[in-house]
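My request is simple: use the sequences and hints to build the entire structure.
Chains as they are written, first to last, in this note's numbering: chain A, 1 to 272; chain B, 1 to 368.
There could be a bad hint or two in this list.
Below 25 Å or equal to it, Euclidean Cα-Cα: the simulated DSS-like pairs (lysine-lysine) are [claimed, not checked]:
#1 B:4 / B:77
#2 A:182 / B:86
#3 A:182 / B:77
#4 B:251 / B:346
#5 B:115 / B:77
#6 B:115 / B:131
#7 B:115 / A:182
#8 B:131 / A:182
#9 B:107 / A:182
#10 B:107 / B:77
#11 B:181 / B:86
#12 B:156 / B:86
#13 A:160 / B:86
The set of hints was computed from the structure by calculation and includes no laboratory data.
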Amino acid sequence: MTKKLPAIPYVVWMAIFVVAPLVLVVVYALTTPDGQVTLANMLEARKFLGVFGRSFGLALIATVICLILGYPVAYAFSREGERFRSVAMMLIMLPRWMNFLLRTYAWVTIIENTGLLNQVLGFLHLPKLHIINTPAAVVLGMVYDYLPFMILPIYSVIIKLDGSLIEAARDLGADSYRVFTKIIFPLSIPGVISGVTMVFVPSVSTFVISKLLGGGKDMLVGDLIELQFLGGAGAYNPQLGSAVALVMMIIILICMSLMNRFGGGDEEVVLL
Amino acid sequence: MTEKARIRLVDLTTAFDGEVVLDNINLEIKDREFLTLLGPSGCGKTTTLRIIAGFLKPDSGDVFFDNERINEVPPNKRAVNTVFQKYALFTHMNVFENVAFGLRIRKTPEAEIRKRVTDALALAELSGYDKRRVHQLSGGQQQRVAIARAIVNRPKVLLLDEPLGALDLKLRKEMQRELKKIQRTAGITFVYVTHDQEEALTMSDRVVVMNRGKILQIGSPVDIYNEPRCAFVADFIGESNIFSGVMPRDKLVTFAEQDFTCLDGGFAANEEVDVVIRPEDIDVTAPGDGAVSGTVKSIIFMGVHYEITVVGDTGEEWQIHSTDPQTVGDRVGLTLTPDDIHIMHKPASPEEEPVDYDADEEDEDDDD
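Structure below.
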């Protein structure tokens, strides 16, 4: 009993700020405004299939780009000396010390039609790029914001790989390419799964990035939910918002458990 | 019988951060022999092994394999395989795939892979374990997978880096016999690294004793045990009484204030020497009967024998291993025959000095 004592503040905190809101979401999703149990909200959420599809599609693209960009970085850093590694890791985390909104706004000023990027392109007599308020801008924002969450877990798995495994593979005849494809990459899959989870989940539920960089034209699930709660008198519908949130939560949980099974590793992957 | 040299190490010298780890190592490894590099930690034995495997380049000196210089050949192109200290098994593969790894890399046909892996697993007494995951195996089984994974490639030389270090005593003994059997059956040259002198003596055809980056003695286990070349070897290979003495002439040595007949010669007249006497060679007799008289200081029961300490009347301490118990405080005599007395040169350099890991064996006489 005494050993459990220090955990009490955490349990209380989680109960108030995680469990209670979750219960509320479920209750709202399954009731009418006057308190009757109903499945109507959940069925109504089906109307937004396109929004769900767009959210998952963009998040998936962003996750794949993060993996393609992040894995080589994590691998390259893990092979450097200790001093280089600590500086590099700090530089990767450094932008995160700045406010999330500010970072995202900064991209607006870079990619907007009269922004920095197009000024440079104009100066070089190159055709202007129309990026702002397109899905590409949303993906760009997601990749920029969540890339460190891909790099860090992969890096921390690779750095802990037993060097003697690599020597054993070399000893058994594998060249550097085979050492990577047969040993290092398969053993780093738990890190890849964590990274994918940590990028995909916030990407799929973001609403700030799509609003600022996507111009709010193509609504994502996050925007949809926000609208139901903060959307003024006409749009205010917490029951529908909760239902949409619940549906998304279920889909994400299914995705993650499938991926954990697919990974098949012995290590547990932490769901966010 | 003259066997050809499989591997030759010529003038190998290596330093890490300015500290010399290997100092001018010269060694010939014969085809199909079981050679052991023996020494305390930091003596350079593992470094030597890593240079043969190709994981490390010597600062200077050459490595020859079948008379071909292989300094620049990367580990994946060498006809040697290694059994690592901590096995280094691939945890994401089952036993079969671990053993098949080297063959798959060499694009061996599937049918041959199946046959050779099955044979290697049988040799390592692991038949039926193919589908097991590595972490489901005991330490001894993992060790045997590591050996099977190496020998399946039919290397000309197998390098083993303290492969039994993590196993308990009983399993270690069992694996020693098994390794020796595998070495004979497969007809492979074994280069075995250990700090365990007993392991070295029981398994090897030849033992190379190393200390502080230098080779001190190369010889058969019997030679190394019976004719240690310096105090370090005598001390490291089994327990020893080491006394300081003088040789007035050949076959006569003076120590513990007495003259003893011995079998050694070839020293300068009145040269200062170290005298080594194995504890099990000394016989305890009635007081006054032996060459030396003394008093029993302590006795410890060790299982097979008693370890008895006797203080001679001239002050020196004798370690004796005997199956007969004695009583502390009793007067006893000690007998020695000439072939029990081994004469060595005084240490010419620090690495030849006796080890001080066991304070009991450090006699005051050494300080002369």
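Status of each hint after checking the structure:
Pair hint residue 4 of chain B plus residue 77 of chain B holds up; C-alpha atoms about 22 Å apart against a cutoff of 25 Å. With a C-alpha separation of about 20 Å, the suggested pair residue 182 of chain A and residue 86 of chain B falls inside the 25 Å cut-off, and the hint holds. Our distance criterion of 25 Å between C-alpha atoms is met by residue 182 of chain A and residue 77 of chain B, whose separation comes to about 18 Å. Using a Cα cut-off of 25 Å, the hinted pair residue 251 of chain B and residue 346 of chain B holds, with the two alpha carbons roughly 17 Å apart.
Pair hint residue 115 of chain B plus residue 77 of chain B holds up; C-alpha atoms about 24 Å apart against a cutoff of 25 Å. About 15 Å separates the Cα atoms of residue 115 of chain B and residue 131 of chain B, which keeps this hinted pair within 25 Å; it holds. This hinted pair checks out: residue 115 of chain B and residue 182 of chain A have alpha carbons roughly 22 Å apart, not beyond 25 Å. With a CA separation close to 18 Å, the supplied pair residue 131 of chain B and residue 182 of chain A stays within the 25 Å bound.
Taken as a hint, the residue 107 of chain B and residue 182 of chain A pair is honoured in the structure, with Cα atoms around 14 Å apart against an allowance of 25 Å. About 14 Å separates the Cα atoms of residue 107 of chain B and residue 77 of chain B, which keeps this hinted pair within 25 Å; it holds. At roughly 22 Å between alpha-carbon atoms, residue 181 of chain B and residue 86 of chain B fall within 25 Å of each other, so this suggested pair holds. Under the criterion of a C-alpha separation no larger than 25 Å, the hint pairing residue 156 of chain B with residue 86 of chain B is consistent with the structure, at around 22 Å.
At roughly 15 Å between alpha-carbon atoms, residue 160 of chain A and residue 86 of chain B fall within 25 Å of each other, so this suggested pair holds.
In the structure shown, no violation is registered for any of the earlier numbered hints.
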